[in-house]
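Student: Numbering of the sequence shown is given in full-length UniProt numbering, commencing with residue 1 and proceeding in unit increments.
Please keep in mind that the hints were generated in silico from the structure rather than gathered at the bench.
Keep in mind that the hints are not guaranteed to be accurate.
[Said to hold, decoys possible] Here are the simulated DSSO-like pairs of lysine-lysine, each with C-alpha atoms no more than 27 Å apart in a straight line:
#1 Lys-130 x Lys-39
#2 Lys-85 x Lys-130
#3 Lys-210 x Lys-46
#4 Lys-154 x Lys-39
#5 Lys-130 x Lys-154
#6 Lys-154 x Lys-38
#7 Lys-46 x Lys-104
[What the hints assert, rightly or not] Distance ranges between label pairs, derived from CB positions:
#8 Leu-225 x Leu-107: 12 to 20 Å
#9 Asn-166 x Asn-84: 36 to 44 Å
#10 Val-158 x Thr-32: 15 to 23 Å
#11 Ala-216 x Asp-191: 24 to 32 Å
Note that the coordinates shown come from a computational prediction; the quantities given were computed from them, not determined experimentally.
Yeah, the Cβ is synthetic: ideal placement off N, Cα and C, and Gly gets one too.
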Amino acid sequence: MSNIPVICFGPNTDTFYIGCGMRYYAQNMPPTISNTLKKLPAIQIKWMSMDWDGQGWAVRDAYNNTKIIGHINKGLEFVSFGANKSIWFAGVSTGNWHGNLEDKMILKLNEVRAISPNFDAALEGILFGKGTTMVFIGKQGFAYFTDEEAEGGKMESVLNEYIHRNPPWILMHGSSLCLYNIDYYFLKFKDPNSNNIEMRWNLPMPMFEKLAELKAQAARPESQLAIQQYESLNMVAATGRLNVAIATSNAVNSLNRWY
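Sequences and hints are given; from them, build the entire structure.
Tutor: Structure representation (structure tokens):
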């Protein structure tokens with residue numbers, strides 16, 4: 001059952017979000033995002049991103065205080081923010097992506113693009129860390145660039161562990177890098193063969209303690225039952241939406257037959 005955490009780093013150790021199962025903990029979040037979180041159970045949030053000063057943010061399909069509204073639409077799949085207001089990524093469901101990067105970051109992106117077949121079509125997200133560190137999320141794997149500060153560090157070691165597996169594991173949305181300390185991260189990897197998920201993290205102590213607390217709560221029988229009931233209800237709702245979509249499609253097709 002779905003009790004895999006979602007974590008978002010804020011601009012400092014006192015600002016963060018952690019969700020696990022049906023419950024979440026949000027500390028020092030701006031009112032705009034707090035109001036959004038109150039409307040969504042934690043299990044419904046697939047990813048969250050926040051910019052370097054804690055004002056620009058994106059959660060699932062909600063966003064506020066950003067300069068990228070014109071580049072995204074209802075097909076939004078993923079948004080992330082970099083170490084300053086000029087760095088961002090927005091990917092949409094059509095397979096296209098938009099972004100703004102510093103010159104050095106563009107250079108490194110082009111190096112990865114040159115050795116990655118169908119890079120742009122396969123790109124599903126960019127995670128930004130401190131400085132110019134980037135992790136590229138792809139449909140069938142991931143790639144990364146670590147700057148001088150991050151090179152040889154803990155996070156690079158973890159990334160290498162999963163990128164060199166056979167086959168390479170997939171990095172999932174809901175992973176998060178810290179913009180103020182290169183050694184803090186939360187990474188979710190999935191085995192493309194078995195769909196097994198493994199998580200690796202290094203967090204400031206307040207986040208580490210709160211994550212442990214929420215994971216323990218989510219593991220309780222009553223919490224697992226609540227998760228199961230929520231997922232069952234949403235499966236029924238999703239099936240209903242699919243049936244409506246099929247019926248609508250069939251109705252349209254009946255008006256546009258080929259003879």
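Student: State for each hint whether it applies.
Tutor: These are the hints, each one checked on the structure:
1. Restraint check for Lys-130 and Lys-39: not satisfied, since their Cα atoms lie roughly 31 Å apart, outside the 27 Å limit.
2. Between Lys-85 and Lys-130 the CA atoms are separated by roughly 13 Å; this keeps the pair inside 27 Å, and the hint holds.
3. At roughly 19 Å between alpha-carbon atoms, Lys-210 and Lys-46 fall within 27 Å of each other, so this suggested pair holds.
4. A C-alpha spacing of about 36 Å is found between Lys-154 and Lys-39, which places the hinted pair above 27 Å, so the restraint is violated.
5. For the given pair, Lys-130 sits about 14 Å from Lys-154 by alpha-carbon distance, which is consistent with the 27 Å threshold.
6. The hinted pair formed by Lys-154 and Lys-38 fails the criterion: a straight-line CA distance of about 35 Å is larger than 27 Å.
7. Using a Cα cut-off of 27 Å, the hinted pair Lys-46 and Lys-104 is violated, with the two alpha carbons roughly 30 Å apart.
8. Separated by about 51 Å at the C-beta atoms, Leu-225 and Leu-107 break the suggested range of 12 to 20 Å.
9. Distance hint for Asn-166 and Asn-84: a CB-CB separation of about 38 Å, consistent with the stated range 36 to 44 Å.
10. Between Val-158 and Thr-32 the C-beta distance comes to about 33 Å, which lies outside the given range of 15 to 23 Å.
11. As the Cβ distance of Ala-216 to Asp-191 is approximately 26 Å, the hint placing it in 24 to 32 Å holds.
In this structure, the hints that do not hold are numbers 1, 4, 6, 7, 8, 10, in rising order.
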